[in-house]
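In order, the protein sequence lines correspond to chains S and H. Residue 168 in the UniProt record's numbering sits at position 168 of the first sequence, and the numbers go up by one each step. Residue 306 in the UniProt record's numbering sits at position 306 of the second sequence, and the numbers go up by one each step.
Please note that the accuracy of each hint is not assured.
Unchecked claim - Simulated restraints, written as ranges between beta carbons of each label pair:
id : chain 1 : residue 1 : chain 2 : residue 2 : range
1  : H       : Leu-226   : S       : Ile-147   : 51 to 61 Å
2  : S       : Leu-336   : H       : Gly-78    : 48 to 58 Å
3  : S       : Asp-159   : H       : Gly-254   : 34 to 44 Å
4  : H       : Gly-305   : S       : Leu-362   : 33 to 43 Å
5  : H       : Gly-78    : S       : Ala-379   : 45 to 55 Å
6  : S       : Thr-355   : H       : Lys-406   : 53 to 63 Å
7  : H       : Gln-93    : S       : Thr-342   : 27 to 37 Å
8  : H       : Val-421   : S       : Ile-123   : 53 to 63 Å
To be verified - In silico negatives: residues of chain S with every beta carbon more than 12 Å from chain H:
id : residue
9  : Tyr-124
10 : Ile-127
11 : Leu-128
12 : Val-176
13 : Lys-319
None of these hints come from the bench; they were simulated from the model. C-beta: ideal position from N, C-alpha, C; glycine also.
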Amino acid sequence: MLGLNKRDFSLLLIVAILALCAPFLLNPFPADSAMAQFNAGYPDLMQRFVIFGIFAIGFNILFGLTGYLSFGHAAFLGVGSYSAVWMFKLLSMNVIPAILLSVVVAGLFSLLIGFISLRRSGIYFSILTLAFAQMSFNLAYSVLTPITNGETGLQLTLDDPRILGVSRTEDGSIPVTNFFGLEMRDTYEMIVGPWSFQFNNGYYLCAVLMLLSFYIAIRIFRSPFGMMLRAIKSNNTRMTYTGLNARPYALAAFVISGMYAGLAGGLLASMDPLAGAERMQWTASGEVVLMTILGGAGTLIGPVLGAGFIKYFENIFSKINDSVLHSWFSFMPDGLENLLVTLVHPFVGKGWHLTLGLLFMLVVIFLPGGLVEGGQRIARLFRRKKPDDAKKSTQSTPAE
Amino acid sequence: MSKSNLTRRGLIKTSAIAGAGVALPTIFTASSAAAFTNEPTGGSVTLGFNVPQTGPYADEGADELRAYELAVEHLNGGGDGGMMNTFSSKALQGNGIMGKKVEYVTGDTQTKSDAARASAKSMIEKDGAIMITGGSSSGVAVAVQGLCQEAGVIFMAGLTHSNDTTGKDKKANGFRHFFNAYMSGAALAPVLQSLYGSDRKAYHLTADYTWGWTQEESIVASTESLGWETVNTVKTPLAATDFSSYIAPVLNSGADVLVLNHYGGNMVNSLTNAVQFGLRDKQVNGKNFEIVVPLYSRLMARGAGENVKGIHGSTNWHWSLTDDASKAFVKSFGEKYGFPPSQAAHTCYCQTLLYADAVTRAGSFNPCAVAEALEGFEFDGLGNGKTLYRAEDHQCFKDVLVVRGKENPTSEFDLLEVVEVTPAAQVTYPPDHPMFAGGELGACNPGA
Chain S
1 MLGLNKRDFS LLLIVAILAL CAPFLLNPFP ADSAMAQFNA GYPDLMQRFV IFGIFAIGFN
61 ILFGLTGYLS FGHAAFLGVG SYSAVWMFKL LSMNVIPAIL LSVVVAGLFS LLIGFISLRR
121 SGIYFSILTL AFAQMSFNLA YSVLTPITNG ETGLQLTLDD PRILGVSRTE DGSIPVTNFF
181 GLEMRDTYEM IVGPWSFQFN NGYYLCAVLM LLSFYIAIRI FRSPFGMMLR AIKSNNTRMT
241 YTGLNARPYA LAAFVISGMY AGLAGGLLAS MDPLAGAERM QWTASGEVVL MTILGGAGTL
301 IGPVLGAGFI KYFENIFSKI NDSVLHSWFS FMPDGLENLL VTLVHPFVGK GWHLTLGLLF
361 MLVVIFLPGG LVEGGQRIAR LFRRKKPDDA KKSTQSTPAE
Chain H
1 MSKSNLTRRG LIKTSAIAGA GVALPTIFTA SSAAAFTNEP TGGSVTLGFN VPQTGPYADE
61 GADELRAYEL AVEHLNGGGD GGMMNTFSSK ALQGNGIMGK KVEYVTGDTQ TKSDAARASA
121 KSMIEKDGAI MITGGSSSGV AVAVQGLCQE AGVIFMAGLT HSNDTTGKDK KANGFRHFFN
181 AYMSGAALAP VLQSLYGSDR KAYHLTADYT WGWTQEESIV ASTESLGWET VNTVKTPLAA
241 TDFSSYIAPV LNSGADVLVL NHYGGNMVNS LTNAVQFGLR DKQVNGKNFE IVVPLYSRLM
301 ARGAGENVKG IHGSTNWHWS LTDDASKAFV KSFGEKYGFP PSQAAHTCYC QTLLYADAVT
361 RAGSFNPCAV AEALEGFEFD GLGNGKTLYR AEDHQCFKDV LVVRGKENPT SEFDLLEVVE
421 VTPAAQVTYP PDHPMFAGGE LGACNPGA
């Protein structure tokens, strides 16, 4: 089906079902229960899950297959966002031209940076990409302020010269991003008893594009081109000795993953028309590395899981403050309540980095293949009795 | 083969889900009932406090959060009421806002516009916040203000000093109580003239981003109108921690005043470097070399320690003020947390009270009604004397304090002394002043 083998197709199907049902899956708790704090099914976070999923899938094509560790991928994300916002400002509020331009611009930019950086490999390559990304960040932050609006970030204004469409709507506000009239921020809220589920247009656009990106990534993984990229990872020198020039392949992988990052950036701007320089900072580049490793580098689904994991912590755990903790433990005697709040306090709210760091350490130490390996181990536990265990293990090859 | 089996099952599954996805929203359309975004329906109302809890301004953020918690306590009738007792408008009863108990959610802006917007969006979309407030940097404030305008909720800006917040980036749903760079310049200039004379050569070191530039522009304009000469303006990268290489050229430039357009950690480092280089003991052009820090805060003064002694700057509010309102606020804040509030805490507390008051006077949580109640609102009793929320740009106009690093501090909080209270009239500018031109409020957006 679709040129995929059975296993890959069922994986794609699972991802599709997960993506389409996300509004239900991410809101398992009734809206006014204490556990509602852990619900993640609101439009902004769901969009972020899939957008950063795309970003991580693209990064994984470079890192998982060729083993080139780029520390500057956020630059392409940022460039994509800026191009998309400029498209909104100058051309039209339709997201399609914006997304197309952001992919193209990010592709060209990654061609330039890849062409230079790929002259070196290993740590030197990482440092070169890091330097380029940091350079882009500083340019965007101050030097190129007329284009990027510096620290404040590029935003839409009421007097944008929009060629197709109006500068301002009839009631005097900035028009919103749309997909041929379908507003990205429109949300249907469905109330079922105490539950509420939100279906957002923008989210579904992102989810469809994520599925498309995922499909393309599977095809790349399974293609002769993907095989060539794996060969680069296993031994680049041997490739050279056999008379093959590996660099064009690596460059192609770099540009493809740059375009994925550009797509993610364009989508971020389409959901929320703002492009900030922080998107290009080295911490943002590091984040995608974390996502990929946490989920399982070199696996298909891993990066998406990793992206979801990190974004969940960033948005849900960081919002748990002391008063929320007190309301959780309020059934206990006062002394015990305060003790528990004091104990939990460093790990939530502003301490979410700490919790994430601990989990990251645990995953790297005990599950070197990332969350995917964890899933496989659990699956193996249940499947041990069945005889056809030997057939698996073709699907994913975690990074060593 | 099994391949086709799987396909059929997959097809059925997908089409069932797609069908459900398409059909359901047409049956349940609950959101269209509300008149505006997040209309509070139960017995409580949720406010969103979006402050930096990590990153360079985490200190300010922590103090802002304390002030918000105090304000919520006072609004709900707890504590001693603080500035609610001195506030000239008596609409607030201590029974929440219009009888609804005030609840709040917090978020971490990380001093990044992206993260701040994500956090604010989650407050609006998930927690149903009716108003967002906070921010400890102008970039973040401008970004979140834009978001609130789109989403249709009120934004009450916290610590943001850039002219742009109520200048070229002003929004109908956004309001700022804090003063701005232009006001700093206008307040400082006369004091600088009386202290250092009108024949001075100034050298500017400026943090290289929007806020730094607007402040440099404002200070250059107001000092040049005194007759000062601007020798040079040098941009320093925001991430810089060592300013020695920027300080050294100052000595040979012939300048006799150094203006540091820095904030937070930047200012602490640049001021420390400048003092270590012995600039303050130098004689240039037959005059004592002077350093000016246009935007001062107590938290920064504490970071710079000894080096702030005798250095002038401006501030929005200081806890040592002796009017009734300031005393009441310092007392209730001090009793709760054990130390006096910073200017960031003060402005955030005021913003929360002002919002609650505006809702009560408007008799509605509708952002457009609230905005109307705030526009042109004149009040007193919040620690800054008589204050006007100007309708044209949603900026508060009030007295500005010129402060000096104290020579003999009596405690770790007693670092600044008020030199002069510049009256509001002197720092008022027309709404179309060139430094604020280019923006437009637009129409208020109630969302939904």
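Results of checking the hints against the structure:
no.	hint	verdict
1	H:Leu-226 with S:Ile-147: 51 to 61 Å	35 Å, violated
2	S:Leu-336 with H:Gly-78: 48 to 58 Å	24 Å, violated
3	S:Asp-159 with H:Gly-254: 34 to 44 Å	43 Å, holds
4	H:Gly-305 with S:Leu-362: 33 to 43 Å	41 Å, holds
5	H:Gly-78 with S:Ala-379: 45 to 55 Å	53 Å, holds
6	S:Thr-355 with H:Lys-406: 53 to 63 Å	42 Å, violated
7	H:Gln-93 with S:Thr-342: 27 to 37 Å	35 Å, holds
8	H:Val-421 with S:Ile-123: 53 to 63 Å	58 Å, holds
9	Tyr-124	23 Å, holds
10	Ile-127	18 Å, holds
11	Leu-128	20 Å, holds
12	Val-176	7 Å, violated
13	Lys-319	6 Å, violated
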